[in-house]
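Listed in order, the protein sequences are those of chains A and B.
Going by the working numbering, the letters in the first sequence line up with residues 52 to 298, in that order.
Going by the working numbering, the letters in the second sequence line up with residues 3 to 274, in that order.
Just so you know, these hints were derived from the structure itself, not from any lab.
Note that this is a predicted model, so its numbers are computed, not measured.
Possibly wrong hints are sitting among the right ones.
For lysine-lysine, the following PhoX-like pairs were computed, each having C-alpha atoms within a straight-line distance of at most 20 Å [what the hints assert, rightly or not]:
1. B:266 with B:5
2. B:26 with B:90
3. A:131 with B:29
4. B:265 with B:7
5. B:26 with A:131
6. B:182 with B:266
7. A:134 with B:269
8. B:104 with B:266
9. A:269 with A:54
10. A:277 with A:294
11. B:206 with B:104
12. B:182 with B:269
13. A:277 with A:249
14. A:277 with A:134
15. B:266 with A:199
16. A:77 with B:11
17. B:5 with A:138
18. A:58 with A:277
19. A:269 with A:244
20. A:134 with B:266
21. A:138 with B:182
22. A:131 with B:206
23. A:175 with B:206
24. B:26 with B:15
25. B:66 with B:7
26. B:66 with A:131
27. A:199 with B:29
28. B:182 with A:131
29. B:29 with A:138
30. A:54 with A:134
31. B:140 with A:134
32. A:269 with A:138
33. A:138 with B:11
34. A:58 with A:269
35. B:26 with A:175
36. B:66 with B:206
37. A:54 with A:249
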Amino acid sequence: MAKTAVKVENVSILFNLSKEKVDNIKEYFIKLVTRKLHYNEFWALTDVSFEIEEGERLGILGFNGAGKSTMLKVIAGVLKPTKGSVKVNGVIAPLLELGAGFDLNYTGAENIYLYGATMGYSRKYIEERYDEIVEFSELGEFIDVPVKNYSSGMRARLGFAIATAVEPEVLILDEVLSVGDAKFRIKSENKIKSMFDKGVTVLFVSHNTAQVRRLCTKAILLDHGKIIANGEVNEVCDLYDQKVNGK
Amino acid sequence: MNKIKGFFKNFWKYRFLLQEIVRKNVKLQYRNSVLGIFWTFLQPLLTTIVLALVFGGIFGQNNKDVGCYMVYLLCGRLLYEFFTQSTKRAMRSIRLSASVIKKVYVPKYIYPLSNVLANFVTFTMSLLVLVVMVIYFKCFTDEVIIINWHVLLAIVPILILLVLSFGIGMILATLNVFFKDIEYIYEVFCMLLFYLTPIFYTVKSLGAIKIVQYGLMANPLYSIVSMFRDCVLYGQMWNWNHFMYSLGFALVTLLIGVIFFQKKQDKFILHI
Numbered sequence: 052m053a054k055t056a057v058k059v060e061n062v063s064i065l066f067n068l069s070k071e072k073v074d075n076i077k078e079y080f081i082k083l084v085t086r087k088l089h090y091n092e093f094w095a096l097t098d099v100s101f102e103i104e105e106g107e108r109l110g111i112l113g114f115n116g117a118g119k120s121t122m123l124k125v126i127a128g129v130l131k132p133t134k135g136s137v138k139v140n141g142v143i144a145p146l147l148e149l150g151a152g153f154d155l156n157y158t159g160a161e162n163i164y165l166y167g168a169t170m171g172y173s174r175k176y177i178e179e180r181y182d183e184i185v186e187f188s189e190l191g192e193f194i195d196v197p198v199k200n201y202s203s204g205m206r207a208r209l210g211f212a213i214a215t216a217v218e219p220e221v222l223i224l225d226e227v228l229s230v231g232d233a234k235f236r237i238k239s240e241n242k243i244k245s246m247f248d249k250g251v252t253v254l255f256v257s258h259n260t261a262q263v264r265r266l267c268t269k270a271i272l273l274d275h276g277k278i279i280a281n282g283e284v285n286e287v288c289d290l291y292d293q294k295v296n297g298k
Numbered sequence: 003m004n005k006i007k008g009f010f011k012n013f014w015k016y017r018f019l020l021q022e023i024v025r026k027n028v029k030l031q032y033r034n035s036v037l038g039i040f041w042t043f044l045q046p047l048l049t050t051i052v053l054a055l056v057f058g059g060i061f062g063q064n065n066k067d068v069g070c071y072m073v074y075l076l077c078g079r080l081l082y083e084f085f086t087q088s089t090k091r092a093m094r095s096i097r098l099s100a101s102v103i104k105k106v107y108v109p110k111y112i113y114p115l116s117n118v119l120a121n122f123v124t125f126t127m128s129l130l131v132l133v134v135m136v137i138y139f140k141c142f143t144d145e146v147i148i149i150n151w152h153v154l155l156a157i158v159p160i161l162i163l164l165v166l167s168f169g170i171g172m173i174l175a176t177l178n179v180f181f182k183d184i185e186y187i188y189e190v191f192c193m194l195l196f197y198l199t200p201i202f203y204t205v206k207s208l209g210a211i212k213i214v215q216y217g218l219m220a221n222p223l224y225s226i227v228s229m230f231r232d233c234v235l236y237g238q239m240w241n242w243n244h245f246m247y248s249l250g251f252a253l254v255t256l257l258i259g260v261i262f263f264q265k266k267q268d269k270f271i272l273h274i
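Starting from the given sequences, assemble the full structure and let the hints guide the process.
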């Protein structure tokens, strides 16, 4: 019996967002006095439960606004669920919007350590993997240039190289396989596949069912914050494709 | 009890992040400027000279309480500058790290803490100016500066100031997430604080009525600066009232800051 890698139990998320964003005191008081401080209560996720076993690869499908990104944020520990709980065994490496942890004035080399530390790794640990990261990112001599002068492709490559070099136990992929040029895309898919072979657990968010079928073993389908299908990847993808064509 | 244990375990795991951000902030502060790290020494020195030129005539001369006016000024200015710079940067830290906080789990207090600590590093470097200035005035002029073993105690007011800055920084960082106005309000407050702290004057030399004097003394920076001057300029033991007051004030502020931050931090992501 394989160990559970991620366990999501009855998770619900309530967003208590005001209709307009109030972020200064003047507006707040004006709205308070004129009683325009409406709150929109909105359940982004309602009673979501699922489990992923170690080495399993789960695709998360759903239309825009179905709660996919919210789900990933909850699993990554960024967002606290209003109800329910999430348990993760092992290190998570979120590959969400690569390069978010970079400081633009810092060089690529310095950012490798900063990004590594953001994911909770020591300087020594990153040092051991430094060469591998630089090589994979194909940045060469540009590694000593401030990241603000990088192209978006270069940034994404560096981010991808760091996040995959640290050998996490759980990998969160949020539409990142469309990074860089065709050559790098193939390289990154191969890298991720080699991580599969080592038994990494994967959470993959995509609209592309072909890609999900190719990479995942299981899938869930979210709609308006609820799980409407959970099972083998092909069954769920078929259902999703039906829904797409039905609309 | 388990919660506290979990907290320390988490802190230990992310100590590298704290290190990296402190390193980053210190490194980046003067990068691309021609004189680089020398600004840490040059800036306090130059601003102290300006202050001495402007206020020296009014408060500096014939004032037995002051001692060496340049050193008196520099002490006050260094501590004031550390306090305002570190709290300002802590205040902005959460907003500036929004892109990370939204994507990856990190203990959020790392950001205000690392900003305060980075400023502390540059502050300790800038203390070198004070050392040089004290030596200069002691050896080459007949200004009264008493240096004895009390100088070692100067670490105490500095540490109290560090705790105070972190506490205030946490409060400001939290407020700033919800109301960006705080940044502008605090800017004005810092200017006010400059005049309310005896940096270029002494409370006695103001000749103000008693109630105003007590008002000025309620400022914890006053106690801290006074203790610091007792150690490095007058070579005497500090007033224990100052010690008790500033330490108490700093610890209470820290407690409020930590609790406030802790209570609100889960909501940060919805606002930044």
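- Message: Holds or violated: residue 26 of chain B and residue 15 of chain B, Cα atoms, limit 20 Å.
- Response: Judged against 20 Å, a Cα distance of about 19 Å means the pair holds.
- When you check the alpha-carbon spacing of residue 58 of chain A and residue 277 of chain A, does it fall within 20 Å? Cα-Cα ~16 Å, so holds.
- Query: Are the Cα positions of residue 182 of chain B and residue 131 of chain A separated by 20 Å at most?
  - Reply: This hinted pair is violated, its Cα atoms lying about 24 Å apart.
- Proposed proximity, residue 266 of chain B with residue 134 of chain A (alpha carbon, max 20 Å): Between residue 134 of chain A and residue 266 of chain B the Cα gap is close to 17 Å, so the pair holds against 20 Å.
- Query: Are the Cα atoms of residue 277 of chain A and residue 134 of chain A separated by 20 Å or less?
  - Reply: holds (14 Å)
- Query: Quick one, are residue 131 of chain A and residue 29 of chain B close enough, alpha carbons at most 20 Å?
  - Reply: violated (34 Å)
- Message: Would the hint linking residue 265 of chain B and residue 7 of chain B be met if the CA-CA limit is 20 Å?
- Response: holds (18 Å)
- Query: Are the Cα atoms of residue 58 of chain A and residue 269 of chain A separated by 20 Å or less?
  - Reply: holds (15 Å)
- Message: For a C-alpha distance cap of 20 Å, please report whether residue 277 of chain A and residue 249 of chain A respect it.
- Response: violated (32 Å)
- Message: For a C-alpha distance cap of 20 Å, please report whether residue 277 of chain A and residue 294 of chain A respect it.
- Response: holds (15 Å)
- Is the straight-line distance between the alpha-carbon of residue 199 of chain A and that of residue 29 of chain B 20 Å or less? Status holds; Cα separation ~16 Å.
- For the pair supplied as a hint, residue 131 of chain A and residue 206 of chain B, confirm whether the alpha-carbon distance does not exceed 20 Å. violated (54 Å)
Consistency note: the structure conflicts with the earlier hints numbered 3, 5, 11, 13, 15, 16, 21, 22, 23, 25, 26, 28, 29, 30, 31.
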